[in-house]
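> For reference, the chains in residue letters:
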Amino acid sequence: MKVLRYLRDAAVFAPCYLLLDWVSYIHPLGAFNITPWNPQPALAIAWMLLGGLGHAPAVFLTIILADGVIRNFPAGYGVTALASLALAAGYAAIAWALREHLRPHADLRSLRQLTLFVAVVAAGTVLVAAGFVGVLHAAGALAPGTALSGWLRFWVGDAVGVLVTAPLLLFASDAQRRSELRALARRGETYVQVGLVAATLWLIFAGLGGDPSHHFYLLFLPLIWIAIRSGMAGAIIAIAIVQAGVVLGIHHRALQTLPTIELQALVAALTLTALYLGVTVEERERAAESLKESLRLAAAGEMAGAIAHEVNQPLTALANYGRAGQMLLEAGRHAELAGVIGHMLAEAQRAAEVVRRLRDLFRHGTTRLERVPVAELLEAARRAGTGRLSVAAADDLPDVWVDRLQIELVLRNLVANAAEAAAAHAAGAEVALTAERRDARHLRIVVSDNGPGIGPAEAGRVFEPFISGKPSGMGLGLAVSRAIAEAHGGTLEARPASHGEFHLVLPFHSHG
Amino acid sequence: MAEPGRAPLVVYVVDDDPSIRDSLALMLGLGGYATRLFADAESFLVAFDAGWSGCVVADLRLPGMSGVELQSRVRSRGSAIPFVIITAHGDVPAARTAFRAQAVDFIEKPFDDAQLRAAIDTAFALEQRRIDAAELRRADVEKLSRLTLREREVLDQAVKGLHAKEIAAVLGISPRTVEVHRTRIMEKLEVRNIAELVRFAVAVER
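Going down the list, the protein sequences come from chains A and B.
Just so you know, numbering that gives the first Met the number 0 puts 181 at position 182 of the first sequence, and the rest follows in order with no gaps.
Just so you know, numbering that gives the first Met the number 0 puts 139 at position 140 of the second sequence, and the rest follows in order with no gaps.
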C-alpha cells in the first residue's frame, strides 16, 4: 500500500515537474538548464515539505529524466547525474529546513514564518546554484568565463521561481487557505484587480515601448492595492499573474535581447514587497480579531455572573424561608407555616422564571443565524486550544446555519473541558476535533480526549446547571452549551466511553 | 442575642431584594434576633445614628452605593458597628475590598443559615466587647471625678513614681498628710495597692 501510494504520488509529480521545466526553459545559458525562471524547484520543495523527505529519490530521478527529455543530456550522463544529485540534495535540504521551522502549519501565517521561508529559500538556492554550476564548471561543460554569471542567473531563476510558486502550492494544500482563495474568486473586486495587473503588464511590455524594466515600477501600485485588500492570498495570486505575464512578455519580444535577469530581480523585489505587505495586513487583522474575541469572552463571563446572581437571589430567599419554616415547626407554631410555605412556592416560581427566561434568551433574542463554513468554526476552536489539539474534517462538508459566536463559544468550552479532563494523563493531554456528516441534514463534531472518560451514570449528570466548580467559569458551562446546541435545532451529548467524548450535532445550511 | 438590662443588639439588614429582606427578617426573628430592614444604603444612612449597636448585614451590590461603600461611610461617621457583606456574585476583588475595610465576614448567597448566624454572632461578640470596654472606661472616669483637687495632685505625683516624702516636698505639705491623701484616693478608686493605682491612672488617661 505504501509503495503504491509513493508510486502514485511520483506519477503525478514527475509529469508536472517536466511540464514546468519545459515551460520555463527560456533564455538558457548554453544548452543547460540555467534559466532566469525556474518554478519547478518549488514543486519539488513543496512535495518534500508536505509529503516528507522520502520523496527525495523520486525528485532526483525526475530531475535526470527532465534533463534527458527536454535537453537531451547536454553535459553527458555522468555529469548530468552528478549535477542532478546536487539539485535534488539542495532542494531536499531546503525542504528539510522549512519542515523544521514552519511546522505544524506551513501556511506563511506570520511575519516570522514568512521571514524564515524567504531566508531559507534565498540561502538554499545560493548553495544549490553553486553546486549545480560548480559541477558543470568542473566538468568543463561551460564556456570559459561564464561560471559566475551562470551561477547568478541560476540563483535568481531558482529563488524567484520558488518564492513565487511555493506559496501558491502551500496555499493550495491548506484547507483554510483554499477557502480564502475560493472566497477571493467570488469577489468582483478580484477581477478588477486582475484586470489592472494584466493591463499594467501590457503597458510595460508593449504599450509604453522601450525597456520593460524601466516601467516595471508601475506594477507595485496594483500589487500594493491587492496585498492590502486581500492579504496573502491576493498577493500570491497577483504575483503568479505577474510572473506569467513577464514570461509571456519575454517570449513575445524574444527577438530583441531583453535584460531577463534584471526583470526577474525586479519580480523578486515585487514578490517580497507583496508577501510582506500581505502578511502584515493579515497579522493586523488577526490581532483585531483576537481582541474582539477576548471582549466576547469577557462578555460571556459577565453574563455568567449575571445568571448566577439572578438564580442565587430566589434560592437564598427559599433557603431562608425553609429554615424559618423549620423553626416554626420546632416551636409548634403550625398556624404560621402556611404563610411561609406560600413564600417558598413563590420563590421557587421565581427561580423557575429565571431559568425559563434564560432558555428563551438562547432560543430567540440574541441568536443571530448565519451561514458559516465548518472549517472556520474548527479553526476558531483550534486557535483557542492549547496543548496538543488535532482537527480533522471530512471533505466537502456543506456550511452550517448557526450563530457563529455562540457555537464558537460552545466549541471552545468543549475543548477547554476536554483538555482539563485529560490534563492528568501520563503522556499529556490530547484533544481531537473531528467534523463529519451525521446524516444528510446534520453535521456532527466529535470532541474527544485521552482522559478517563465519563461513565453511563454521569453522562446525563454533567449537564446539570452550575455543577462545574471551575473558578474561571470558561463560558457558561456545559448546561448553557447544551441549551445553545438545542436552540440551534441540534444536540450536545456526552458519550460514555473509556476516553472523554462529546458529540455536538448541528443542522447544515439548507436553502431551497 | 440581646441580654436583659443591656442596650439591645440589632441586625440591620440592607438588601434591595424584598424577598431576601423579608425572609431574613423572618428567619432571624425566629432565631431571637431583633432586625431592622433597609432597601438601600441611602435610606440606611438617613436613619443611621452613631449610637446604634449590633451588626449590619449588607448586600454587596445595591442600587446606588454598594455595601462596601456604605461600610466606609459609616466608619467615617465614627461608628465601629461591624459589617457582614453578602453577595450573589462572589467576586474576589469585592471580597478583598470588604475585608480590607474590616468586614467581619463575606458570605456568598445562597448561604447556610448557620453560616450567617455564626457571622452575626461573631459580630455581636465584637460589639459586646466594645460596649463593655466603653462602659468600664465610663465607670473609671466617674470614680476619678470623686477625687478632690488636692487628691488629684497627689495622684499625679504618685503616678510619676515619687515616694511620700518626695511628694510632700513637691506639694509643700507634710509626708503624713500625703499618706492620708493616698489612702483616701485608694479607697475612692477601689484599688488595693500602689501598683493597681498606677495601672488605673494610666488606663484612664488613655
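Be aware that one or more of the hints could be misleading.
Unchecked claim - DEER-style ranges, computed between Cβ atoms:
1. B:T121 with A:R494: 57 to 63 Å
2. B:T121 with A:S389: 19 to 25 Å
3. B:S75 with A:V354: 51 to 57 Å
Stated by the list, open to error - Some chain A residues close to chain B (C-beta under 10 Å, calculated; not the full set):
4. H26
5. R111
6. E284
7. A307
8. A316
9. M326
10. L327
11. A330
12. R332
13. H333
14. L344
15. E352
No lab work stands behind these hints, which were simulated from the structure alone.
Quick caveat, the model's predicted, so the values are computed rather than measured.
For glycine and all other residues, C-beta sits at the position ideal for the given N, C-alpha and C.
> Look at each hint and say if it fits the structure.
So, going through the hints one by one against the coordinates:
no., hint, verdict
1, B:T121 with A:R494: 57 to 63 Å, "49 Å, violated"
2, B:T121 with A:S389: 19 to 25 Å, "54 Å, violated"
3, B:S75 with A:V354: 51 to 57 Å, "42 Å, violated"
4, H26, "71 Å, violated"
5, R111, "37 Å, violated"
6, E284, "34 Å, violated"
7, A307, "7 Å, holds"
8, A316, "4 Å, holds"
9, M326, "4 Å, holds"
10, L327, "7 Å, holds"
11, A330, "7 Å, holds"
12, R332, "9 Å, holds"
13, H333, "14 Å, violated"
14, L344, "12 Å, violated"
15, E352, "13 Å, violated"
Hints 1, 2, 3, 4, 5, 6, 13, 14, 15 from the list above are not met by this structure, while the remaining hints are.
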